[in-house]
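Undergrad: Here's the letter readout for the chains.
There are 2 protein chains.
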Amino acid sequence: MSKGLLFVVSGPSGAGKGTICKKLIEKIDIDLSVSMTTRKPRPGEIDGKNYYFVSEEKFIQTINSNGFLEYAKVYGNYYGTPKEVVLKKLEQDRDMVLEIDIQGALKIKESYPKGIFIFILPPSMSELRKRITGRGSETEDDINLRLGETLKEVSYIDKYDYCVVNGEINEAVNRVAAITKAEHSRVSEDIYQLIAKYKEEI
Amino acid sequence: MSKGLLFVVSGPSGAGKGTICKKLIEKIDIDLSVSMTTRKPRPGEIDGKNYYFVSEEKFIQTINSNGFLEYAKVYGNYYGTPKEVVLKKLEQDRDMVLEIDIQGALKIKESYPKGIFIFILPPSMSELRKRITGRGSETEDDINLRLGETLKEVSYIDKYDYCVVNGEINEAVNRVAAITKAEHSRVSEDIYQLIAKYKEEI
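Going down the list, the sequences are from chains A and B.
Numbering of the first sequence is given in the working numbering, commencing with residue 11 and proceeding in unit increments.
Numbering of the second sequence is given in the working numbering, commencing with residue 11 and proceeding in unit increments.
Hints may contain errors.
Just so you know, same-sequence chains aren't split out, so a pair can sit in one copy or run between any two.
[As the list claims (entries may be wrong)] Derived pair list, reagent style DSS-like, types lysine-lysine, alpha-carbon separation capped at 25 angstroms:
hint, residue 1, residue 2
1, K191, K169
2, K169, K207
3, K99, K32
4, K191, K13
5, K162, K207
6, K33, K191
7, K124, K191
8, K209, K162
9, K207, K140
10, K119, K93
Note that these hints are calculated values from the structure, not bench results.
All chains, please: the whole structure from these sequences, using the hints.
TA: What follows is the structure, given as structure tokens:
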């Protein structure tokens with residue numbers, strides 16, 4: 011009944027938003043939005059699948075032509091969500107899911123407020139600590155700093171439509187899938203087209 | 011995370027809201043709200059399951075003590091949704107589903123605005139005509155009158171949160187089930203309790 015919808019899956023690092031998106035596209039009929047970056051591809055990464063790998067010149071051109079839903083520079087590399095690809099798929103009635111950090115999600119909310127914003131939460135801070143510690147690459151101080159940042163990030167949750175606690179991964183994926191299904195049944199402007207059709211019929 | 015939610019399943023006669031509710035309670039963990047009535051039980055109807063069968067005196071007492079989420083008098087009999095039963099179950103974290111006509115749903119929206127209002131639509135007016143004609147009890151004029159009324163009723167759809175087109179019954183039930191699941195992931199005041207818990211943990 012409605013056009014394609016854009017689902018923005020976001021949340022603090024370690025909450026599991028990447029895994030949720032990966033499993034979601036296996037489970038339901040939805041396309042994953044692919045970011046553009048100036049970072050060099052790592053072994054095994056495929057252009058157009060993991061990222062669109064482009065030169066800095068091309069990236070800046072795209073910025074200047076207002077071609078991103080959001081972009082950011084991280085550790086000297088640019089990352090962005092190309093607007094045209096996403097909007098074209100939505101117009102073709104394809105749902106899209108986009109995995110992004112909280113800063114990026116807030117930018118998308120400005121550039122595409124019709125998006126549906128889903129915040130992924132870890133089941134608890136102690137569980138998040140365990141997940142980060144499991145990666146083994148950070149000191150106790152680093153971890154405490156990260157958890158403090160997470161707490162700050164979580165305060166942006168009121169900008170989101172939904173929040174899914176990622177305790178058991180399949181349950182979390184099922185919840186996101188239910189959100190995508192429910193959102194297609196929202197009363198929206200499209201409904202008036204259907205009502206108009208009823209009137210013609212009678 | 012949240013308390014029980016009240017889902018109000020409503021729509022024009024013939025759209026199939028009764029069948030949807032019946033299948034929904036078989037499929038997911040939700041209780042059907044039972045109405046109170048002064049009408050006499052028909053053979054096979056069970057008090058407390060199909061209706062709470064009460065005297066007119068008792069019904070009017072309940073009206074006077076503000077004990078209904080909504081009530082109406084139809085062909086000389088009273089029908090109403092007893093407030094206490096519904097609210098108690100919601101407080102006990104039980105989800106409730108309530109099948110009701112459009113006038114009733116609009117009254118519930120006033121008495122319990124936190125409810126989630128789902129409008130069930132027939133796939134087309136010609137399909138609705140077929141369903142009504144199939145019942146065999148009405149003349150052509152009656153049917154045209156009914157369809158005209160349906161069209162008026164459909165204009166209240168903008169008071170609702172969701173609308174589900176009942177073409178294939180199992181697909182419609184799945185949609186309502188997805189709505190119940192998604193609504194439990196809405197960002198609401200409850201989320202701040204979880205965040206407070208995070209803060210204590212850190």
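Undergrad: Compare the structure with each hint and give your call.
TA: Going through the hints against the structure:
no.: 1; hint: K191 x K169; verdict: both (21 angstroms within a copy, 20 angstroms between copies)
no.: 2; hint: K169 x K207; verdict: between (36 angstroms within a copy, 20 angstroms between copies)
no.: 3; hint: K99 x K32; verdict: within (19 angstroms within a copy, 38 angstroms between copies)
no.: 4; hint: K191 x K13; verdict: both (13 angstroms within a copy, 22 angstroms between copies)
no.: 5; hint: K162 x K207; verdict: between (49 angstroms within a copy, 14 angstroms between copies)
no.: 6; hint: K33 x K191; verdict: both (16 angstroms within a copy, 18 angstroms between copies)
no.: 7; hint: K124 x K191; verdict: both (16 angstroms within a copy, 21 angstroms between copies)
no.: 8; hint: K209 x K162; verdict: between (52 angstroms within a copy, 10 angstroms between copies)
no.: 9; hint: K207 x K140; verdict: between (55 angstroms within a copy, 17 angstroms between copies)
no.: 10; hint: K119 x K93; verdict: within (13 angstroms within a copy, 39 angstroms between copies)
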